[in-house]
Amino acid sequence: MIVFVAVGSGWLEWAFKLRVLRKPTRAILTILTVSPWFLIWDAYAIAQGHWFFDRNLITGIYGPMDIPLEEYLFFIVVPLAAILTLEGSTAALKLLKNFHLTRERVLK
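Each residue of the sequence shown is one higher than the one before, counting from 1 in this note's numbering.
Wrong hints could be hidden among the right ones.
Stated by the list, open to error - With a straight-line Cα cutoff of 25 Å, these simulated DSS-like cross-link-like pairs (lysine-lysine) come out:
{"#": "1", "residue 1": "K23", "residue 2": "K94"}
{"#": "2", "residue 1": "K17", "residue 2": "K97"}
{"#": "3", "residue 1": "K94", "residue 2": "K17"}
What the hints assert, rightly or not - Estimated spans, in silico, between C-beta atoms of each pair:
{"#": "4", "residue 1": "P64", "residue 2": "L29", "range": "17 to 27 Å"}
{"#": "5", "residue 1": "T33", "residue 2": "R105", "range": "34 to 44 Å"}
{"#": "6", "residue 1": "F52", "residue 2": "T102", "range": "53 to 63 Å"}
{"#": "7", "residue 1": "R105", "residue 2": "W51", "range": "49 to 59 Å"}
{"#": "8", "residue 1": "R105", "residue 2": "P64", "range": "53 to 63 Å"}
{"#": "9", "residue 1": "G8", "residue 2": "T33", "range": "48 to 58 Å"}
{"#": "10", "residue 1": "L86", "residue 2": "F53", "range": "25 to 35 Å"}
{"#": "11", "residue 1": "M65", "residue 2": "T90", "range": "54 to 64 Å"}
{"#": "12", "residue 1": "K94", "residue 2": "L21", "range": "18 to 28 Å"}
Just so you know, the hints here were simulated from the structure itself, not pulled from any lab data.
Note that beta-carbon positions come from the ideal geometry of N, C-alpha and C, so glycine has one too.
Start from the sequences, fold in the hints, and give me the full structure.
Here you go:
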């Protein structure tokens, strides 16, 4: 699932020359602002038995707070995918708008 999300949005970086991954400071700051709170929430939910991970579906590698590696990857990949999708959509809309304006000028 994580690979699917990464590939599904990762191509936008190169297709629209977004520079999200080449200039990662803004993305890293965005992820670091939000992820710790959700990781603490996850750790609490796991400790209380409200949330669990099927051991047959994870690697078995655990990080701090007894959270599986896949969950840490989730909190990196999904926000990056959201940023790439937002930036890619914005770039695509600009291209369409420019195409439309150019087309109108040519047809006049």
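Right, here's what the structure says about each hint:
no. : hint                   : result
1   : K23 / K94              : 21 Å, holds
2   : K17 / K97              : 17 Å, holds
3   : K94 / K17              : 13 Å, holds
4   : P64 / L29: 17 to 27 Å  : 20 Å, holds
5   : T33 / R105: 34 to 44 Å : 43 Å, holds
6   : F52 / T102: 53 to 63 Å : 55 Å, holds
7   : R105 / W51: 49 to 59 Å : 56 Å, holds
8   : R105 / P64: 53 to 63 Å : 57 Å, holds
9   : G8 / T33: 48 to 58 Å   : 24 Å, violated
10  : L86 / F53: 25 to 35 Å  : 29 Å, holds
11  : M65 / T90: 54 to 64 Å  : 35 Å, violated
12  : K94 / L21: 18 to 28 Å  : 20 Å, holds
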